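A.B. asks: Protein chains in written order, with the numbering used here: chain Z, 1 to 497; chain E, 1 to 110.
Be aware that one or more of the hints could be misleading.
Each computed DSS-like pair below joins lysine-lysine, with the alpha-carbon atoms no more than 25 Å apart [what the hints assert, rightly or not]:
| # | chain 1 | residue 1 | chain 2 | residue 2 |
| --- | --- | --- | --- | --- |
| 1 | Z | Lys77 | Z | Lys128 |
| 2 | E | Lys73 | E | Lys95 |
| 3 | E | Lys26 | E | Lys8 |
| 4 | E | Lys79 | E | Lys105 |
| 5 | Z | Lys303 | Z | Lys350 |
| 6 | E | Lys95 | Z | Lys3 |
| 7 | E | Lys95 | Z | Lys179 |
| 8 | Z | Lys358 | Z | Lys334 |
| 9 | Z | Lys214 | E | Lys74 |
| 10 | E | Lys77 | Z | Lys214 |
| 11 | E | Lys83 | E | Lys105 |
| 12 | E | Lys74 | E | Lys95 |
| 13 | Z | Lys364 | E | Lys83 |
| 14 | E | Lys26 | E | Lys105 |
| 15 | Z | Lys77 | Z | Lys118 |
| 16 | Z | Lys190 | E | Lys105 |
| 17 | E | Lys73 | E | Lys26 |
| 18 | E | Lys26 | E | Lys95 |
| 19 | Z | Lys118 | Z | Lys57 |
| 20 | E | Lys73 | Z | Lys214 |
| 21 | Z | Lys444 | Z | Lys364 |
| 22 | Z | Lys118 | Z | Lys64 |
| 23 | Z | Lys444 | E | Lys83 |
| 24 | Z | Lys214 | E | Lys69 |
| 25 | Z | Lys288 | Z | Lys303 |
| 26 | Z | Lys190 | Z | Lys179 |
| 27 | Z | Lys57 | Z | Lys128 |
| 28 | E | Lys105 | E | Lys95 |
| 29 | Z | Lys3 | E | Lys105 |
| 30 | Z | Lys57 | Z | Lys179 |
| 31 | Z | Lys334 | Z | Lys350 |
| 32 | E | Lys105 | Z | Lys179 |
| 33 | Z | Lys214 | E | Lys79 |
| 34 | E | Lys8 | E | Lys69 |
| 35 | Z | Lys190 | E | Lys95 |
| 36 | Z | Lys214 | E | Lys83 |
Read the hints as simulated data drawn from the structure, not as lab findings. All values derive from a computational prediction rather than experimental measurement.
The residues making up each chain are set out below.
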Amino acid sequence: MAKFETPALKEYLEMPASLKKDSMVHSGPFVAAPQHQEPLGFPGELVDNWQDVAIEKMGELLGKYRSLRVFLDSCVKCGACTDKCHYFLGTSDPNNMPVARQDLFRSVYRRYFTLGGKLFPKLVGAVKLDEGVLDQWWSYYHQCSQCRRCSVFCPYGIDTAEISMAAREIMASVGKGQKYSNEIIAKVFKIGNNLGLPEPALVDTMEGLEEDVKDETGVAVRYPVDVEGADVLLVTPSADFFAEPHVDGLIGYGKVFHQAGISWTVSSYASEAANFGMFVGSYENMRKIALRIRKAALDLGVKRIVFGECGHAWRVAYSFLNTLAGPFDFLDSKYPVPQHIIEVTHDLIKRGALTLDKSANDDKRVTFHDSCNVARASRMGDMPGGQFILPREVIKACCSHFFDMASDTIHDSTFCCGGGGGLLTDDLMELRVKGAMPRMQALKDVTERHQVTHLAAICAICKSQFSKVLPYYGFTMDQVVSVHQLVSEAIVLGAKD
Amino acid sequence: MAIEVNGKMYETDEEGYLANLNEWTKEIGEAMAVADNADLSESHWEVINFLREYYDEYQIAPAVRVLTKAIGKKFGKDKGNSKYLYELFPYGPAKQACKYAGLPKPTGCV
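All chains, full assembly: derive it from the sequences and hints.
C.D. replies: Okay, here's the thing in structure tokens:
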């Protein structure tokens, strides 16, 4: 990996003093091989007439998504978005200003789809799609984590994420797909999850958790796989089975279900919550992944579907699941379809169904990272802003010491962890480290003001990304924790007093 | 990409993971470590060998927790924690040790 400099954390988050043109133009992910492309319905490699195919695809998307055309037509270059992107703040590359990133697409759109662009391309900043443009798209549409922070500040609500998704779909459709995302989607189709964790390994891992929890607590908490007739199907990111601190969250979900007397199961067929189809902008692939959840719910005869801690999964689940894979009229209508594990735990806490001993977390001073897609593309509970309120209430019920980061870095102004949207891959490490800078800045601030020791998260990507980048900024990898890890520590198992 | 060991070329992916895990030999693992400026001790091999055994049975590398537990059981409690494994494999036990073991890199949100 090429050497790069980790941005310095200053006293305040500063706007880059000088722009570094093309400083990140070298950054791009590995290109998908034919075996990663073809199972998704994309050509194996760049097709000969790729320009024609790309423009045709662009036309198709413009027809399908009215929003895309509106976003491309409505920008007035006011500049409100320019300093809102964590990748721009971390890299100073002007193409990472959201408006500039959009313009890479917009200028091609103008050339082929607007009268002015067809007749007077130079006057309206319209350009032909050529290899140079494709290379720029490849670099800079893989420097957008589709976190939508810029769209919060745009007076027209232009959503750069949708433009990035469209650009990626066009690139995949001409045979230039991203290896990381596409290899993973192909694994979901073949094995059922992003990791490629087959059923026997899943069963072995979950049995291991049962042993561990029994050893630690003396209580036989179950971690069931493929149990027909369970009330709840838990759909969680496969990282929860595999990585740390994710697994500590999964242990927590199990303890909550146990203590509430809710029967639950995971499915080996739909053992993945994250839906990478969204990252590559492909509705068809997103739908295929979502339909696995429907099939698992029907096959196992469950009454409820609950999602584990996974940011993008919750966006797809909350906002799109019903259109992608509904109707879910076979589920129990007394519960939200789908439900987030935070909602389940929050509801149980409210009803006094759980006994929580906060002193178990007295060694921690905790802050909370709002995951981008939970914060800006979904909701929890039945009140506006519930997605901000519920996780904090769950944490506060489990910890005595909670402190929020600066107000312009949380809630719907939250900064992406730097690894979202299909960028959590080692070939983009420089981008990931630099893009994490604004979040690290806010963390440093609460560390100094409130002696915060732990950063709690509710997204598998955020957790992995922070484990990796925290050490670059002088923190330690074990400072990131799962929210349900805090629940797991605090929950008192056994009969209620 | 490829790696040369004893005059023979072995195909790898962009990050140096072996393309065909059946071609793996101890020497290939050694050569990959040398290329990374890492030195493989007996303790490293305990982990690498366990990864290969687990992969043989389950077609996937073990979860970090499964790995730490198994290493602790087999080689002593002081080795059964992720701190120890990260000291051996600073780039992450799952990713770095898998590479030397000739196994594919774990994918997903990890």
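A.B. asks: Evaluate each hint against the coordinates.
C.D. replies: Right, here's what the structure says about each hint:
With a C-alpha separation of about 21 Å, the suggested pair Lys77(Z) and Lys128(Z) falls inside the 25 Å cut-off, and the hint holds. A C-alpha spacing of about 22 Å is found between Lys73(E) and Lys95(E), which places the hinted pair at or below 25 Å, so the restraint holds. For the hint linking Lys26(E) to Lys8(E), the alpha-carbon distance of about 14 Å falls within 25 Å, and the restraint holds. For the proposed pair Lys79(E) and Lys105(E), the alpha carbon gap of about 23 Å is at most 25 Å, so the pair holds.
Of the supplied pair hints, the one linking Lys303(Z) and Lys350(Z) holds, its CA atoms being roughly 22 Å apart against a limit of 25 Å. For a cut-off of 25 Å, the pair hint linking Lys95(E) to Lys3(Z) stands: about 20 Å separates their Cα positions. Distance restraint check for Lys95(E) and Lys179(Z): the Cα-Cα separation of roughly 17 Å lies within the 25 Å cut-off, and the hinted pair is therefore satisfied. Restraint check for Lys358(Z) and Lys334(Z): the C-alpha separation of about 31 Å exceeds 25 Å, so the hint is violated.
About 20 Å separates the Cα atoms of Lys214(Z) and Lys74(E), which keeps this hinted pair within 25 Å; it holds. A distance of roughly 18 Å separates the Cα atoms of Lys77(E) and Lys214(Z); the hinted pair therefore holds under the 25 Å criterion. Taking the CA atoms of Lys83(E) and Lys105(E), the gap is about 20 Å. The hint holds against a cut of 25 Å. A threshold of 25 Å between alpha carbons decides the hint, and for Lys74(E) with Lys95(E) the separation of about 21 Å falls inside it, so the pair holds.
As the CA atoms of Lys364(Z) and Lys83(E) are separated by approximately 19 Å, the hinted pair is consistent with the 25 Å bound. For a cut-off of 25 Å, the pair hint linking Lys26(E) to Lys105(E) stands: about 18 Å separates their Cα positions. Among the hinted pairs, Lys77(Z) with Lys118(Z) is consistent with the structure: their alpha-carbon atoms are about 21 Å apart, no more than 25 Å. Note on Lys190(Z) and Lys105(E): the hinted pairing holds, with a Cα-Cα distance of about 17 Å set against a maximum of 25 Å.
As the CA atoms of Lys73(E) and Lys26(E) are separated by approximately 24 Å, the hinted pair is consistent with the 25 Å bound. Annotation: proposed proximity of Lys26(E) to Lys95(E) holds, straight-line Cα distance about 17 Å (limit 25 Å). Between Lys118(Z) and Lys57(Z) the CA atoms are separated by roughly 18 Å; this keeps the pair inside 25 Å, and the hint holds. Distance hint between Lys73(E) and Lys214(Z) is fulfilled; the C-alpha atoms sit about 17 Å from each other, no more than 25 Å.
Only pairs whose Cα atoms come within 25 Å are accepted, and Lys444(Z) paired with Lys364(Z) is accepted, the gap being roughly 16 Å. Between Lys118(Z) and Lys64(Z), the direct Cα distance comes to roughly 22 Å. Compliance with the 25 Å bound is thereby established for this hinted pair. Taking the CA atoms of Lys444(Z) and Lys83(E), the gap is near 24 Å; set against the 25 Å cutoff, the hint holds. About 14 Å separates the Cα atoms of Lys214(Z) and Lys69(E), which keeps this hinted pair within 25 Å; it holds.
A C-alpha spacing of about 22 Å is found between Lys288(Z) and Lys303(Z), which places the hinted pair at or below 25 Å, so the restraint holds. Only pairs whose Cα atoms come within 25 Å are accepted, and Lys190(Z) paired with Lys179(Z) is accepted, the gap being roughly 16 Å. Only pairs whose Cα atoms come within 25 Å are accepted, and Lys57(Z) paired with Lys128(Z) is accepted, the gap being roughly 15 Å. Taking the CA atoms of Lys105(E) and Lys95(E), the gap is near 6 Å; set against the 25 Å cutoff, the hint holds.
The straight-line distance between the Cα atoms of Lys3(Z) and Lys105(E) is roughly 22 Å, inside the 25 Å bound, and the hint therefore holds. A threshold of 25 Å between alpha carbons decides the hint, and for Lys57(Z) with Lys179(Z) the separation of about 21 Å falls inside it, so the pair holds. Annotation: proposed proximity of Lys334(Z) to Lys350(Z) holds, straight-line Cα distance about 17 Å (limit 25 Å). Proximity of Lys105(E) to Lys179(Z) is assessed by CA-CA distance (about 13 Å); at most 25 Å being required, the pair is judged to hold.
Using a Cα cut-off of 25 Å, the hinted pair Lys214(Z) and Lys79(E) holds, with the two alpha carbons roughly 21 Å apart. A threshold of 25 Å between alpha carbons decides the hint, and for Lys8(E) with Lys69(E) the separation of about 37 Å lies outside it, so the pair is violated. Pair hint Lys190(Z) plus Lys95(E) holds up; C-alpha atoms about 22 Å apart against a cutoff of 25 Å. As the CA atoms of Lys214(Z) and Lys83(E) are separated by approximately 23 Å, the hinted pair is consistent with the 25 Å bound.
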